[in-house]
Amino acid sequence: MSTEKAPRPQPERILEATQLQTLIELLQQRGYEVLGPTRDESAIVYGPLADVTALPVDCGDEQAPGVYRLRTRGDGAYFGYAVGPHSWKAYLFPPNEVLFRVHRDAAEGLRTEILGAPATPRALLGVRPCELAALAIQDTVFTQQAVADRGYAERRRALFTIAVDCAAPAATCFCAEMASGPAARDGFDLVLTELCDPPQHRFAIAAGSAAGAELLQALPTRAASAAEQSAVSQQWQRATAQMPQRLPAEEERRALLAHSHSHPHWEAVAERCLACVNCTLVCPTCFCSDMVDRTDLEGEVAERVRTWGSCFEAEHSYMVGGPHRHSVAARYRQWLTHKLETWHEQFGSSGCVGCGRCITWCPSGIDLTAEVAALAEHHGGSTAPRTPGGIHEGA
Amino acid sequence: MKAHNPSSPSSAVAAVAAAVEQPTPPTGYEAMAPVPWRIEAVTAEVADGEVFTWSLSPLESQGEPLPQPGQFNMLYLFGIGEAAISVSGIPGRDGTGCATLSSPPPLAGGVVHTIRAVGSVTRAMQALSAGTVIGLRGPFGSCWPVAAAEGRDLILVAGGIGLAPLRPVLHEIAARRRSFGRVLLCYGARSPRDLIFRSELERWEEECEIELRIAVDRGTAAWSGHVGVVTELLDRGGFSGRNALAMICGPEIMMDYSVQALRRRGVPKEAIFVSMERSMRCAVGFCGHCQIGADFVCRDGPVFPYPRMEPAFRIQEL
Ligand SMILES: Cc1cc2nc3c(=O)[nH]c(=O)nc-3n(C[C@H](O)[C@H](O)[C@H](O)COP(=O)(O)OP(=O)(O)OC[C@H]3O[C@@H](n4cnc5c(N)ncnc54)[C@H](O)[C@@H]3O)c2cc1C
Ligand code: SF4
Ligand code: SF4
Ligand code: FES
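Residue numbers (our numbering), protein chains in the order written: chain G, 1 to 395; chain A, 396 to 713.
Everything labelled a hint here was simulated from the structure, so no lab data went into it.
Even glycine gets a Cβ: it sits at the ideal position worked out from N, Cα and C.
It is possible that some hints are incorrect.
Said to hold, decoys possible - Partial list, computed: chain A residues near chain G (C-beta under 7 Å):
1. M427
2. A428
3. V430
4. P431
5. L454
6. F473
7. G474
8. G514
9. S674
10. V679
11. C682
12. H684
To be verified - Calculated Cβ distances over 12 Å to all of chain G for the following chain A residues:
13. A442
14. F575
15. P587
What the hints assert, rightly or not - Here are a few chain A residues that face chain G, going by a calculated C-beta distance under 8 Å:
16. V528
17. E672
18. R673
19. G680
20. F681
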């Protein structure tokens with residue numbers, strides 16, 4: 001891994017861990033609502049941070065297919081865990097959003113009121129590299145098509161991101177393969193690398209935007225020593241090395257999935273898949289939604305609410321006469337091929353950033369990387385097209 | 396689209412396959428929120444009114460983009476919901492060449508939709524009368540490659556309500572009949588009672604040199620026409636395979652068999668266009684419901700060159 005190009009230039013400044021509270025205060029002074037990881041009873045979730053004590057200090061996690069457990073680390077680290085069940089998408093693409101209201105109107109019949117209050121400026125502290133990649137993917141979906149989602153775009157503009165490199169990837173993580181982590185590359189305002197080596201505890205810090213540079217100036221930092229810089233690179237390399245290669249390379253897995261449609265393995269997965277939609281809810285990139293129209297009691301005002309949807313629901317593909325993807329096998333196939341294959345053509349990237357959430361939070365412990373491996377294996381190890389004309393004919 | 400060279404079908408075909416235009420959809424929240432349009436006229440297309448045509452005009456014209464043949468709007472009923480409905484007439488675009496056409500009468504800046512009542516939203520629509528204000532957003536999606544069909548034989552294949560999205564194409568042909576070669580309309584319906592646009596069908600045939608072939612699943616005592624499936628009408632030929640362009644709209648199974656029949660007659664795959672239907676919520680590429688492989692039917696379709704959709708016909712539940 002040491003031959004790999006460094007994800008970004010070495011940070012040049014150091015912020016003592018005792019000054020993390022100052023960072024939160026400076027953000028609050030600038031009008032940001034500060035959000036970050038915090039511990040609820042059994043998991044690390046995202047929520048408002050009043051101050052530094054709300055962070056899950058000294059907390060680690062253990063993750064495996066269908067398994068999530070918190071543990072005590074014993075070193076006092078602030079960010080010594082991987083991602084939990086929440087993702088930041090809830091703040092940009094809310095699970096429930098009223099899009100518009102329609103009023104019955106005596107003169108005109110109907111009057112549409114488009115909603116959308118100005119977005120609250122928010123600072124996200126502790127954004128993981130895979131989550132930055134997921135944000136970039138959702139930006140493409142919601143703001144870079146012919147029609148832009150104005151609510152998303154406004155919330156995104158009002159966002160300040162403080163990334164934290166991952167030092168403790170979970171057993172379910174595979175961001176290195178998806179080229180999204182474990183060190184942040186870009187897309188942040190500030191980036192931290194936690195160097196926790198008791199009794200020393202500090203953060204290497206760098207800016208990735210003008211707003212980030214302004215904040216960095218205002219923080220009580222000092223120059224990083226050569227030893228501290230090398231500790232940062234070592235951490236990047238160690239974290240990468242902790243994640244074994246689990247997937248075929250991008251070109252190979254795309255070819256595999258593009259020609260996998262009649263593969264018997266989909267039926268085998270369907271026997272374990274409960275179609276519970278957990279995987280799509282925890283996934284930081286899934287963007288599917290439903291629309292619910294509801295009317296007030298007087299029948300004078302109707303509103304359309306957009307809620308998170310999932311391709312695992314039968315209703316997702318419902319047409320007059322019934323669901324188009326009536327089998328769970330077809331729905332799992334839609335999910336996996338969309339994530340790893342068709343997404344590339346739609347939006348120019350993979351739809352999976354390797355965060356591992358769908359593996360951990362699957363009640364049946366289905367692991368997409370194992371399913372890809374199984375598809376590849378029954379293919380006789382060859383990913384050559386079996387049938388002419390896969391889904392990619394035509395441009 | 397420039398005149399093609401019939402002696403080099405491959406290049407002509409490549410040009411055709413690229414011909415599915417993607418007009419720019421409305422942007423911003425306008426794309427997501429319906430605005431009020433008034434139903435100006437309602438015409439029952441079949442005896443029980445299960446299929447009906449609406450002429451609509453905007454309450455307040457905001458310079459709505461003129462829809463193109465093949466595109467669709469999302470029609471909204473207050474508190475009930477929305478349905479994707481193709482334009483079946485485009486006043487202001489409908490031709491002048493065959494002046495007696497266009498029924499219902501054109502409304503400049505308006506739009507015409509033909510709807511079959513099948514479920515909660517469309518049944519509620521059936522109950523509405525002229526003067527009612529509904530919500531509308533659009534137009535969305537790709538259009539039929541009418542310009543690419545000029546100079547060629549044009550084969551339109553419709554099943555049931557699938558004739559509605561092809562009607563604006565028929566109007567354009569009628570307006571510029573000399574621009575096209577032989578024009579064949581193959582139309583399949585459940586029974587003679589289910590035929591829609593009856594008076595227009597006759598006029599297209601009598602006044603516009605459009606060869607009309609109709610098949611019904613079940614005939615009646617009075618029915619002297621064909622009883623069977625629409626693909627049998629294609630097997631009769633009567634068009635140049637290599638220099639034809641086909642547009643198909645109907646149930647997927649019918650489109651699949653039609654493509655096979657056209658292929659048997661030598662029509663290149665790339666010259667065949669299909670209009671697809673999938674579950675739709677947003678119509679602008681956000682909700683994910685309408686995906687077929689890498690395509691969003693709302694954004695990349697509903698009209699596709701057949702080769703692009705071939706996997707959808709071959710792979711179950713794609
Ligand atoms: C591009 C396009 C063009 C079309 N053009 C036309 C046209 O010109 N004319 C025409 O008549 N039709 C057309 N249709 C078909 C038309 O959109 C459907 O017939 C219509 O949406 C049916 O709505 P409904 O409420 O009446 O039916 P319902 O069966 O009640 O369904 C209404 C909608 O609600 C949802 N729904 C209903 N029940 C369930 C359930 N149990 N679970 C989950 N979801 C459910 C589905 O999304 C469904 O689309 C077109 C469709 C598309 C995609
Ligand atoms: S598919 Fe799974 S691993 Fe990939 S981004 Fe989504 S939740 Fe994370
Ligand atoms: S994987 Fe399924 S839920 Fe997620 S974006 Fe794709 S279609 Fe939507
Ligand atoms: S209808 Fe929402 S993505 Fe196509």
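Against the structure, the hints come out as follows:
1. With 7 Å as the threshold, the beta carbon of A/M427 comes within range of chain G, its nearest partner Cβ sitting at about 5 Å, so the hint holds.
2. Taking 7 Å as the C-beta cut-off, the interface hint given for A/A428 holds, the closest approach to chain G being about 4 Å.
3. For A/V430, the shortest C-beta to C-beta distance to chain G is roughly 6 Å, which falls under 7 Å, so the interface hint holds.
4. Nearest Cβ of chain G to the Cβ of A/P431: about 4 Å, under the 7 Å cut. The hint holds.
5. At about 6 Å, the closest approach between the beta carbon of A/L454 and any beta carbon in chain G falls short of 7 Å, and the interface hint on this residue holds.
6. Because the beta carbon of A/F473 sits about 6 Å from the nearest beta carbon in chain G, less than 7 Å, this interface hint is met.
7. For A/G474, the interface hint holds, since its Cβ comes within 7 Å of a Cβ in chain G; the closest pair sits about 4 Å apart.
8. Because the closest C-beta pair between A/G514 and chain G is about 5 Å apart, less than 7 Å, the hint holds.
9. Against a cut-off of 7 Å between C-beta atoms, the interface hint on A/S674 holds, since the closest Cβ of chain G lies about 5 Å away.
10. Against a cut-off of 7 Å between C-beta atoms, the interface hint on A/V679 holds, since the closest Cβ of chain G lies about 4 Å away.
11. Evaluation of the A/C682 hint against chain G yields a held restraint, the C-beta minimum of about 5 Å falling below 7 Å.
12. Because the closest C-beta pair between A/H684 and chain G is about 6 Å apart, less than 7 Å, the hint holds.
13. The beta carbon of A/A442 is kept farther than 12 Å from every beta carbon of chain G, the shortest such distance being approximately 21 Å.
14. With a least CB separation of 25 Å from chain G, A/F575 remains clear of the 12 Å interface cut-off, as annotated.
15. No Cβ of chain G approaches the Cβ of A/P587 within 12 Å, the least distance being about 23 Å, so the stated non-interface status holds.
16. Hint status for A/V528: holds, given a least beta-carbon distance of 3 Å to chain G, under 8 Å.
17. Using the Cβ-Cβ criterion of 8 Å, the hint placing A/E672 at the interface with chain G is satisfied: the shortest such distance is roughly 7 Å.
18. With a least beta-carbon distance of about 7 Å to chain G, the hint placing A/R673 at the interface is held under the 8 Å criterion.
19. Checking A/G680 against chain G: minimum C-beta separation of about 5 Å stays under 8 Å; hint holds.
20. Satisfaction of the interface hint for A/F681 is found here, the shortest Cβ-Cβ separation to chain G being roughly 6 Å, below the 8 Å cut-off.
In this structure, every one of the numbered hints holds.
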